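The number in this note's numbering is simply the position in the sequence shown, starting from 1, with 1197 added.
To be clear, the hints were calculated from the coordinates, so they are not data collected in a lab. Fair warning: there could be bad hints in the mix.
Claimed, not checked - Here are the computed lysine to aspartate or glutamate pairs in the EDC-like style, where the Cα-Cα straight-line distance is at most 16 Å: (1) Lys1299 x Asp1265; (2) Lys1290 x Glu1832; (3) Lys1256 x Asp1230; (4) Lys1313 x Glu1834; (5) Lys1290 x Asp1264; (6) Lys1817 x Glu1795; (7) Lys1299 x Asp1264; (8) Lys1313 x Asp1696; (9) Lys1757 x Asp1740; (10) Lys1314 x Glu1297; (11) Lys1314 x Asp1740.
In this text, all values refer to a predicted model and were calculated from it rather than measured experimentally.
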Amino acid sequence: MPSSWLIVQDETAGSKGEMPHGPQRDVLRLILDIPAEVLTGVTSHLDPPSLLSLSVVNKRLYDHVNDDGTWHRAFAQQLLGIGFQNDLHDCHKRLLLRREAKTWKQEFIARFHLLKKWALSRSSTIRHIPVHSGISSMHLMSNDSALLCASTAYGIVSRSLPLTGRILTGYINSTGPRIGNGVGNPNVEFAPNISTCVLASDGATAMVLWGKRNGEVTISTANKAVDLSRRGVGFLITRCSIDDEHDGPVLGATWDGNNLAVTGGGDGRIKIWNPQSMRCLWTSDQQRCDLAIDPVVKVASALSTKGLIIGCTRSGNILMFTGFAGSFTPNVKLGRNHDDVDSDSVHTFSIPCPSTSPIDSRIIASLHIDSHASRAEPTLLAAYENDVHFYRITLTPDDAGELQFHIDTFGDHLFGPLSCVRPFFANRPDQSSFILTGDRMGGIGVYEWQGGNIDSTKGAIRPFQRIEAHADGSTITAIHWDGTTLITGSSRGTTHVFDGLRFQELRSFASPTPKFRGRGHAPPVDPNDDGRVRQILVSPDRDVMVASVGNAVLTWKAGKVNKNVSGGVRGRIPIDGSIHRKKKGHGGKWLQQAELKESIADSRHLLEQQPKNLRLAHDKSQEHQASHDVLGLSEQEALEYAIMLSREEPVHNTYEGPSTTIECDHSSSPEHPVTLGDAVFCWDTDDVSSDYIASKSSDSDLIPITASSSSSSANGDVAFSPLLSDSTPSTSAEGDVHFPLISGNATPVKSRGEGSSRPSQISNNLSRFSAWNIPLLKPAGLSSPSSVHSAGSALSSPSQRLVARSTAAEDEFDEDLRLALELSLAEAISRGEA
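From just these sequences and the hints, can you work out the full model?
Structure follows, in structure tokens:
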């Protein structure tokens, strides 16, 4: 029976001051005659406002609604999905339940109004940029709703008010407030040597744990960190001593409450610190892997509750240290403080990496200690990047008292690698522990952490529930769950909000970073950082959401929900009788129009750029084809030619000869003029190809010509090297007719008469190196200068004159050859004089 009909009946009876008569009274009596169990099933479908309205109908309905079991059934029906005829204590459906109120009535009403705010509130989002680079971590202070944002790239922590977008002046850094004016000067306030940063707060005091690349550990403490009445920020720096520093960079750090801090370094050691004095309380042994130092990249601590700490090395191995149960419990009566550590009671356990991925890809992503497990049987959670599974490691004592570890595998390989793993351990005995995972396909998996129906012998334990959080298939990068809402962030910067129990989507938020589609605008996000959602925070009241994307922070508050007014005359005319027109909620229509205009402009810009890009690609293709047409080669032939040249280069590098050879085909008869073949002259012997060394004919002579070095040509001088005259002792007389003999030990002979017959086309600036204008040297192996005279006369032979009277192309080629010969002769003469 609808609750509105019952309310109308009650209003009719109250207005007349008596019970209804006739059919109405019979209907009401029929409703009251329904058994209590059936009536409970009917009222389980009513929301809290309807149940409260039903309680004012009469005494019996008042007693029915006042029963807490009625509210329990309504809560289970609407929020847990447990039907009227089903068991209220269904373990799977109550797995995610975290009850906080004392009665089910208070629990149902509080959740109903909070979910209604998240779904129907028209509050606008607030975006601000607190730091100048990507945000590495955030911390939401509960007292003033202030936000701390850390940047390890610059080594600063900013303070802002997320609900207003105001950024307070000054940063908390690791160098101290005495440097700079606290206005964020990058030249004096930023510290780029920060490797890790962990944020915490104690009331209005902000505490920052810094780990540096040189192994130093520092803590910054700022009392009244968010004080709007003063300019800048005042904080205290506490540094560790040099003897207590890590020998390598600090790679992992965490807070254990507000009284202890734990760090892991590149030296393979784990250290426990006292934040008040920054004194190292305990240091582990150095960890090694295959005789090399194995750095500790991630740590987790439960010293105050379990008396143990764990760490993961770069190789993927997990270390656990137990025996700190009584060492870090302050006791004023016994005079014990944090400086008393019994190292003999500490036990070390090394657990090999449970992942089967290669060693290079065993990067730890999540490492947690089960807070609900007993101290005698500690339980750990480990998840690695690019792995389709995550692992539960349980340590149980055997009969001899030694701890033995057991590994259980969770995951489903059908959905690919896991991108995010968040555990939610139970805090009370009536609660259950579960794990939420996100994959690269936009899905969320729910795993039962403990239970009697888990059988790990059949392989990996699969999720008992899975939802599609992001329909676009983007990777899940951040997960937050607080019992009321489930908030997920993706790699595209979008954020989705779901009901924490039923997983029904309430609302979604776009990325706070604007999209620039190549129109000349500089993106506001750090170019080295991606646009994914890194972290999601929710206030203790569960009505404020803060998400970080790149260097921007998105804030949204669930405001009040206006009462919806039905249509008709009552909807058009207010109840108070005024005839003013009803105000319409705008709901940010100007923002929708602005986004629409921006999308239209972007689309037009893309349409304009598309033909330009096509035309440019076509022009490049035509130009490329034209270059091939000029060479007369096809694409494949040009590629083969380039490959051939690349193969010749190693051959040329192995050539050790100091000189180049010129092949000359000659004939002693005047009827056969001298024909010069493939002659080559190079200024650098490194550029000589091996193809020029081959002989052209069997009866040709090889004349060595030494080229100048690269260093000599760069200085403007020509350096000459001695010729290998001993390498050709059996030179024929026919070859001597055309070319004179060259030797490093020759005596100078005047031969200007022969040199005057050279053509006049040779350049003046190169004529000073002419061998014909320099006196020849007498060879060491000759007894008379007759051979030199015959060699000089050979230059004016008929064959040489026939070559000079050849075509224009042959003359130009002959001039180059003559220049090469001149330089070779001049070099030989110069070496002889030295």
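Hint by hint, here is what the structure shows:
Using a Cα cut-off of 16 Å, the hinted pair lysine 1299 and aspartate 1265 holds, with the two alpha carbons roughly 11 Å apart. Under the criterion of a C-alpha separation no larger than 16 Å, the hint pairing lysine 1290 with glutamate 1832 is inconsistent with the structure, at around 67 Å. A hinted pair counts as satisfied when its Cα atoms are at most 16 Å apart, and lysine 1256 with aspartate 1230 qualifies at roughly 14 Å. Proximity of lysine 1313 to glutamate 1834 is assessed by CA-CA distance (about 72 Å); at most 16 Å being required, the pair is judged violated.
At roughly 23 Å between alpha-carbon atoms, lysine 1290 and aspartate 1264 are farther apart than 16 Å, so this suggested pair is violated. Simply put, lysine 1817 and glutamate 1795 have alpha-carbon atoms about 32 Å apart, too far for the 16 Å limit, and the pair is violated. Distance check on the hinted pair: lysine 1299 and aspartate 1264 sit about 14 Å apart at the alpha-carbon level, within 16 Å; holds. Only pairs whose Cα atoms come within 16 Å are accepted, and lysine 1313 paired with aspartate 1696 is accepted, the gap being roughly 10 Å.
Our distance criterion of 16 Å between C-alpha atoms is met by lysine 1757 and aspartate 1740, whose separation comes to about 11 Å. Taking the CA atoms of lysine 1314 and glutamate 1297, the gap is about 19 Å. The hint is violated against a cut of 16 Å. Distance check on the hinted pair: lysine 1314 and aspartate 1740 sit about 8 Å apart at the alpha-carbon level, within 16 Å; holds.
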